[in-house]
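2 protein chains.
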Amino acid sequence: MSDSNLSEEVLCREIVYGGKVISVARDVVKLPNGKNTFREVAVHRPAVAILPILNDGRILLIRQYRHPVKRVIWEIPAGLLEEGEDPAGAAQRELREETGYRAGVLERGPSFFPSPGFCDEEIHVFIGKELAQDPLDCDDDEFVRVESVSLEKALSMISSGEIVDGKTILAILWLINSLGISQR
Amino acid sequence: MSDSNLSEEVLCREIVYGGKVISVARDVVKLPNGKNTFREVAVHRPAVAILPILNDGRILLIRQYRHPVKRVIWEIPAGLLEEGEDPAGAAQRELREETGYRAGVLERGPSFFPSPGFCDEEIHVFIGKELAQDPLDCDDDEFVRVESVSLEKALSMISSGEIVDGKTILAILWLINSLGISQR
Numbered sequence: 105m106s107d108s109n110l111s112e113e114v115l116c117r118e119i120v121y122g123g124k125v126i127s128v129a130r131d132v133v134k135l136p137n138g139k140n141t142f143r144e145v146a147v148h149r150p151a152v153a154i155l156p157i158l159n160d161g162r163i164l165l166i167r168q169y170r171h172p173v174k175r176v177i178w179e180i181p182a183g184l185l186e187e188g189e190d191p192a193g194a195a196q197r198e199l200r201e202e203t204g205y206r207a208g209v210l211e212r213g214p215s216f217f218p219s220p221g222f223c224d225e226e227i228h229v230f231i232g233k234e235l236a237q238d239p240l241d242c243d244d245d246e247f248v249r250v251e252s253v254s255l256e257k258a259l260s261m262i263s264s265g266e267i268v269d270g271k272t273i274l275a276i277l278w279l280i281n282s283l284g285i286s287q288r
Numbered sequence: 105m106s107d108s109n110l111s112e113e114v115l116c117r118e119i120v121y122g123g124k125v126i127s128v129a130r131d132v133v134k135l136p137n138g139k140n141t142f143r144e145v146a147v148h149r150p151a152v153a154i155l156p157i158l159n160d161g162r163i164l165l166i167r168q169y170r171h172p173v174k175r176v177i178w179e180i181p182a183g184l185l186e187e188g189e190d191p192a193g194a195a196q197r198e199l200r201e202e203t204g205y206r207a208g209v210l211e212r213g214p215s216f217f218p219s220p221g222f223c224d225e226e227i228h229v230f231i232g233k234e235l236a237q238d239p240l241d242c243d244d245d246e247f248v249r250v251e252s253v254s255l256e257k258a259l260s261m262i263s264s265g266e267i268v269d270g271k272t273i274l275a276i277l278w279l280i281n282s283l284g285i286s287q288r
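Chains C and S, in that order, give the protein sequences. So the mapping is simple: this note's numbering equals the position in the first sequence, first residue as 1, plus 104. So the mapping is simple: this note's numbering equals the position in the second sequence, first residue as 1, plus 104.
Here chain C stands alone, though its shape is the one from the complex (with noise of 0.2 Å):
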C-alpha cells in the first residue's frame, strides 16, 4: 500500500468541546476503504522542551506537580509556545522561567508527536549548553523545584521508573545518545 492509499480525508469538522487547554474536534474522515468514520481529536498548542547541561555534565531536571496523573515527577523544562513565538525563543524563556539559566547554546533535538493517535500536539525539543544565571518571573499557579543529576543517574532513574515523563525520557536517550554514551 502506498501512503495515499493509507490517507483519510476530513468531510467535515465539529468542535465538541472548547477548553482552556485543550479542545476537542469530531471529525468526519472517509477510510482508505471507502467508508465513513469519526475521529476524535484533541487540539493542543504545539510546545518545547528544553535539556539543560551544565558545565560539569550535569543535567538539570525539575520537580513538579502534575494533576493528570496525580503525582509529583521529573521533568526537563517545557512549556506551550505562544502565539507567534518561535521554538527557541519559547525553549529560553521556559528554560529561564523554570531554572533560573539563560542558555549561550542552544541545539535542536527531535520535534515529536507525543500522541498522535488522538492529539495534535507538537514538541520541539532543545539541548541548552553555556549557561548563565538569567532568571524569569515563574508563572503564578506554576510550582517546581529545580535538581541536578549526572547523566549516568538519570539514566539510572528511566530504568528503574523514577522519570516517567516521556519528552524527558526522549531528550536524555537522545543527548546519551548523541554523545555516544552508552549503558554498557
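Hints listed in this document are in silico derivations from the structure and should not be mistaken for laboratory results. Careful: at least some of the hints might be erroneous.
[As the list claims (entries may be wrong)] Residues of chain S placed beyond 10 Å of chain C at every Cβ, according to the derived structure:
no.: 1; residue: S111
no.: 2; residue: C116
no.: 3; residue: L185
no.: 4; residue: E189
no.: 5; residue: R197
no.: 6; residue: R200
no.: 7; residue: G204
no.: 8; residue: K233
no.: 9; residue: E234
no.: 10; residue: S254
[What the hints assert, rightly or not] Distance windows between CB atoms, simulated:
no.: 11; chain 1: C; residue 1: L115; chain 2: S; residue 2: G161; range: 40 to 46 Å
no.: 12; chain 1: S; residue 1: G188; chain 2: C; residue 2: A236; range: 51 to 57 Å
no.: 13; chain 1: C; residue 1: R117; chain 2: S; residue 2: L115; range: 32 to 38 Å
no.: 14; chain 1: C; residue 1: L283; chain 2: S; residue 2: K257; range: 29 to 35 Å
no.: 15; chain 1: C; residue 1: V132; chain 2: S; residue 2: E186; range: 22 to 28 Å
no.: 16; chain 1: S; residue 1: P239; chain 2: C; residue 2: E234; range: 50 to 56 Å
no.: 17; chain 1: C; residue 1: E234; chain 2: S; residue 2: N140; range: 38 to 44 Å
no.: 18; chain 1: S; residue 1: G138; chain 2: C; residue 2: L158; range: 30 to 36 Å
no.: 19; chain 1: C; residue 1: V120; chain 2: S; residue 2: E211; range: 38 to 44 Å
no.: 20; chain 1: C; residue 1: K257; chain 2: S; residue 2: G188; range: 36 to 42 Å
no.: 21; chain 1: C; residue 1: L115; chain 2: S; residue 2: E186; range: 28 to 34 Å
As the structure is a prediction and not an experimental result, all values here were calculated from the model. Glycine is no exception: its CB is placed at the ideal position from the N, C-alpha and C atoms.
Start from chain C and add chain S according to the hints.
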C-alpha cells in the same frame, strides 16, 4: 520545597466531555499556595507499544495515517489496553494484529506518560524478540503497512525528522542504548 509542598488537592471533578477515545474532566484543585484553580484533564485508557526485532537485528515499523497530525507516520505497533487485559498480553495482540508476528521473548522497556501536563494516558513499552508468524485480524478501520529497517537506519530517520512519533523515538533510543550502540 518537599514533594508534599508541590502537590495539589482535588476539590471536585466535572466531566465536561465524554467521548469514545478521550473524555475531558474539569477539576477544581487547591494549589500549594492555598488558592483554587481549574485543571483540565484528558482522560484516556492506558496503552502499550512494542518494538519488534527480527533475528537479523532489523526492527519492524508500521506506516500508518494519523488523522490528528494529518500525515502518514512511522510508528511501532501500539494500541489501547482493553478492560482487564494485562500489558504484555495487549502488546502481543497489537504485534500480531499489526505485523502478523508473535514475540517469543517480551522484554519490558520504560512505562511513561506522553503528556502528563494535560492527559493521564500511560504507555507501557515492550521489546519483542524471537518473532514467529502468528497473525491476528486487524481492526476494520485500521490500515497499516509494515517495513523492516536496521537500527542505524532508524536512528538516522530520527535525526532527519522522518520518525516523529514520540513512543517510537523513545523505544528505539532505549533499545539502542541498552544494546550499547551509539552513533559515534
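Hint check results:
For S111(S), the requirement that its beta carbon stay farther than 10 Å from each beta carbon of chain C is not met, with the minimum near 5 Å. At the 10 Å boundary, the C-beta of C116(S) stays outside the reach of chain C, the nearest C-beta of that chain being 13 Å off. No Cβ of chain C comes within 10 Å of the Cβ of L185(S); the nearest lies about 13 Å off, and the non-interface call holds. Listed as outside the interface, E189(S) is consistent with that label: its C-beta sits roughly 17 Å from the nearest C-beta of chain C, beyond the 10 Å cut-off.
With a minimum CB-CB distance of about 16 Å to chain C, R197(S) clears the 10 Å threshold, and the non-interface call stands. A cut-off of 10 Å between C-beta atoms confirms that R200(S) is not in contact with chain C; the least separation is 19 Å. The Cβ of G204(S) lies farther than 10 Å from every Cβ of chain C, with a closest approach of about 15 Å, so its non-interface assignment holds. Listed as outside the interface, K233(S) is consistent with that label: its C-beta sits roughly 17 Å from the nearest C-beta of chain C, beyond the 10 Å cut-off.
At roughly 21 Å from the closest C-beta of chain C, the C-beta of E234(S) stays outside 10 Å, upholding its exclusion from the interface. Here S254(S) stays apart from chain C, with its beta-carbon at least about 15 Å from theirs, past the 10 Å limit. A beta carbon spacing of about 43 Å between L115(C) and G161(S) agrees with the range 40 to 46 Å that was offered as a hint. A beta carbon spacing of about 53 Å between G188(S) and A236(C) agrees with the range 51 to 57 Å that was offered as a hint.
At roughly 34 Å, the beta carbons of R117(C) and L115(S) sit within the given window of 32 to 38 Å. Range check, L283(C) to K257(S): about 21 Å between beta-carbon atoms, so the 29 to 35 Å window is missed. Roughly 26 Å separates the CB atoms of V132(C) and E186(S), a value that falls within the hinted 22 to 28 Å. Between P239(S) and E234(C) the C-beta distance comes to about 53 Å, which sits within the given range of 50 to 56 Å.
As the Cβ distance of E234(C) to N140(S) is approximately 41 Å, the hint placing it in 38 to 44 Å holds. Hint check: G138(S) to L158(C), Cβ distance near 34 Å, so the stated range 30 to 36 Å holds. Under the hint 38 to 44 Å, the C-beta atoms of V120(C) and E211(S), about 40 Å apart, fit the expected range. For the pair K257(C) and G188(S), the beta carbons lie near 37 Å from each other, so the given range of 36 to 42 Å is met.
The given range of 28 to 34 Å is respected by L115(C) and E186(S), whose C-beta atoms sit roughly 29 Å from each other.
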